[in-house]
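Make a model of the complete structure from these sequences and hints.
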Amino acid sequence: MYKLLLCVRYLQTRYLAFICIVSVMLGVATLIVVNAVMSGFSTKLKDRLHGVLSDVVVDTDRPDGFEIVREATRDLTADEAKKFGADTRMIRGGSIEVSRQQTPHALVIETTDGKTLTTRRHLTPAGIAHEIQTGPVGDKIEAVTPTIETFAVLQFRDDYNRIVAKPVRLIGIDPEGRTAVGGFSEYLTRQKDSPHPNFDLTPEALQRVEWNRRRHDREAPQVVQSKAVATTIPPLPDAIPEPKMDVDVGIPKPKMHGVIVGHSLAHFRYHNKEGQMVEEVALSPGDNVILTTAGGEDLKPVWGSFYVADYLKTEMSEYDQSYVYVPLEQLQSIRGMADRATAFQLRLKNYDRDKAAVCEELRKYFPHREAKVATWEELQGPLLSAIEVERSILNILLFMIVGVAGFSILAIFTMIVSEKYRDIGIMKSLGASSWGVMSIFLGYGLLLGTVGCGLGTALGLTITRYINEIEAFLTRQTGAALFPKDVYYFKEIPTNVEWLTVVGVNLGAVLIASTFSLLPAWRAATLQPVRALRFE
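Okay, so the sequence shown: first residue is 1 according to the UniProt record's numbering, each after it adds one.
Treat the hints as calculated values from the structure; they're not laboratory data.
Careful, some of the hints might be misleading.
[As the list claims (entries may be wrong)] With a cut-off of at most 27 Å between alpha-carbon atoms, the simulated DSSO-like pairs for lysine-lysine come out as follows:
1. K140 x K349
2. K44 x K491
3. K166 x K420
4. K46 x K372
5. K166 x K313
6. K166 x K300
7. K140 x K166
8. K46 x K491
9. K44 x K313
Listed below in structure tokens is the structure:
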């Protein structure tokens with residue numbers, strides 16, 4: 001009982017011990033905040049990446065996309081030999097039923113030499129997806145959708161009637177199929193969480209088209225000059241003639257298609273006179289844009305005209321600043337890639353269990369050296385690994401703060417043992433055991449660590465809860481952005497408190513405090529009472 005009483009008394013009267021408590025508190029609070037931010041960043045980043053990418057992605061470096069051919073040869077019957085003759089070639093289409101609709105499955109080419117019939121079935125993207133879903137691992141696959149991914153240049157006219165050009169990642173998709181394999185519609189602005197997203201223009205967008213047509217009628221061919229903005233337009237390469245923007249736009253014709261652009265592509269930010277970040281619209285729904293890309297086979301420049309139908313807002317600058325989605329059929333037509341695709345995205349029924357088996361089977365299905373099969377984690381492996389490495393390094397460095405608190409405990413306890421030399425001798429002469437004396441100082445160190453951890457946990461959780469408010473306050477006071485939105489992926493600091501990590505940090509801090517109090521406690525326990533009283 002006397003051990004606990006002495007520990008509590010030392011804690012109340014030895015104000016120097018509060019230095020140890022503050023050191024432990026700051027170390028624990030820092031570790032909790034840093035781990036919460038890193039965990040939140042990692043979790044939110046994974047959610048965004050997984051939403052933009054499907055579970056498994058199969059793509060190819062071939063600009064003309066995948067070519068899957070099934071060939072079979074058989075001998076002609078006597079009647080067929082008389083019917084076809086020699087050197088006969090027949091082309092027909094094969095189809096399958098998808099969602100109660102007949103979908104082109106393959107282009108079938110049959111040739112004969114008078115004796116044998118050779119059948120070559122060139123599978124369409126729908127045919128490839130059908131074979132994947134009906135293959136050996138088809139029961140593990142929930143959905144498959146083909147896409148075309150390439151690079152392009154997005155061009156449009158700004159409010160000053162100048163041509164603006166931006167490099168983009170152009171992706172041709174079936175919006176419903178893309179939603180089926182991953183969280184696509186949840187990132188759309190107008191069609192958020194829609195089960196049937198599309199590229200159609202809203203009535204408001206159609207009004208915008210008509211307004212643009214009338215504005216062009218008034219202003220063409222004049223160009224509005226502005227002193228505040230440079231008017232020099234760099235010439236386009238000779239190989240790519242500058243596409244002329246439509247003067248008489250009118251209501252979109254059937255051949256014109258909508259386009260979904262990244263939110264940051266369609267908006268721009270600047271600081272106003274008060275120093276506040278303001279966002280303005282550069283592309284509104286209904287605005288006309290030109291997309292210039294390379295052809296599928298000869299890589300010659302090709303372009304198409306589109307109207308803005310919706311925005312993609314993932315809150316990740318990498319995608320919002322560069323991704324543009326167009327209808328798959330339209331991109332196939334522009335690039336001369338009829339019935340071709342450069343990638344397939346798959347969604348699995350149980351990702352963690354089936355990803356290895358599905359990837360292995362897909363590598364067998366697609367031609368060798370032509371396809372790259374990877375999970376979304378493998379595609380983003382360098383980024384995810386970098387986050388985990390940074391988190392580990394920060395934990396090691398920040399635990400040194402708790403280590404500093406441990407050394408302060410060692411120094412203070414050594415000083416207390418020296419000051420209480422006579423008191424320790426009296427206690428041992430009255431019957432206190434060496435273990436009892438040692439327990440006093442070990443308990444004192446444990447108590448300091450526990451109090452410091454409790455206060456540090458409370459402080460760390462409070463900072464984590466209000467970290468964005470704290471960041472905004474410090475930004476206003478200092479004038480320097482501590483979390484610039486144009487540098488990081490997210491608009492606010494993400495946090496995710498992992499209670500297992502909090503418990504681990506507390507146990508580690510208490511262990512360090514107890515360990516550093518061990519040496520002074522052992523010194524006090526081995527003190528001889530006669531020797532202590534002789535010199536006192």
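Is K44 within 27 Å of K491, Cα to Cα?
Judged against 27 Å, a Cα distance of about 12 Å means the pair holds.
Is K46 within 27 Å of K491, Cα to Cα?
16 Å, holds
Has the given pair, K46 with K372, been kept, meaning a C-alpha gap of at most 27 Å?
21 Å, holds
Keeping to a limit of 27 Å between CA atoms, is the pair of K140 and K166 held or broken?
Violated, because 40 Å separates the two Cα atoms, which is more than 27 Å.
27 Å limit on alpha-carbon distance, applied to hinted pair K44 and K313:
Answer holds: K44 to K313 is near 14 Å, not above 27 Å.
Quickly compare the C-alpha distance for K140 and K349 to 27 Å and report which way the hint goes.
6 Å, holds
Does K166 pair with K313 here, judged by a C-alpha cut-off of 27 Å?
18 Å, holds
Would you mind confirming whether the straight-line C-alpha gap from K166 to K420 stays at or under 27 Å?
Violated, because 75 Å separates the two Cα atoms, which is more than 27 Å.
With a cut-off of 27 Å on the C-alpha distance, tell me whether K166 and K300 pass.
19 Å, holds
Taken one by one, the earlier hints fail for this structure at numbers 3, 7, listed in ascending order.
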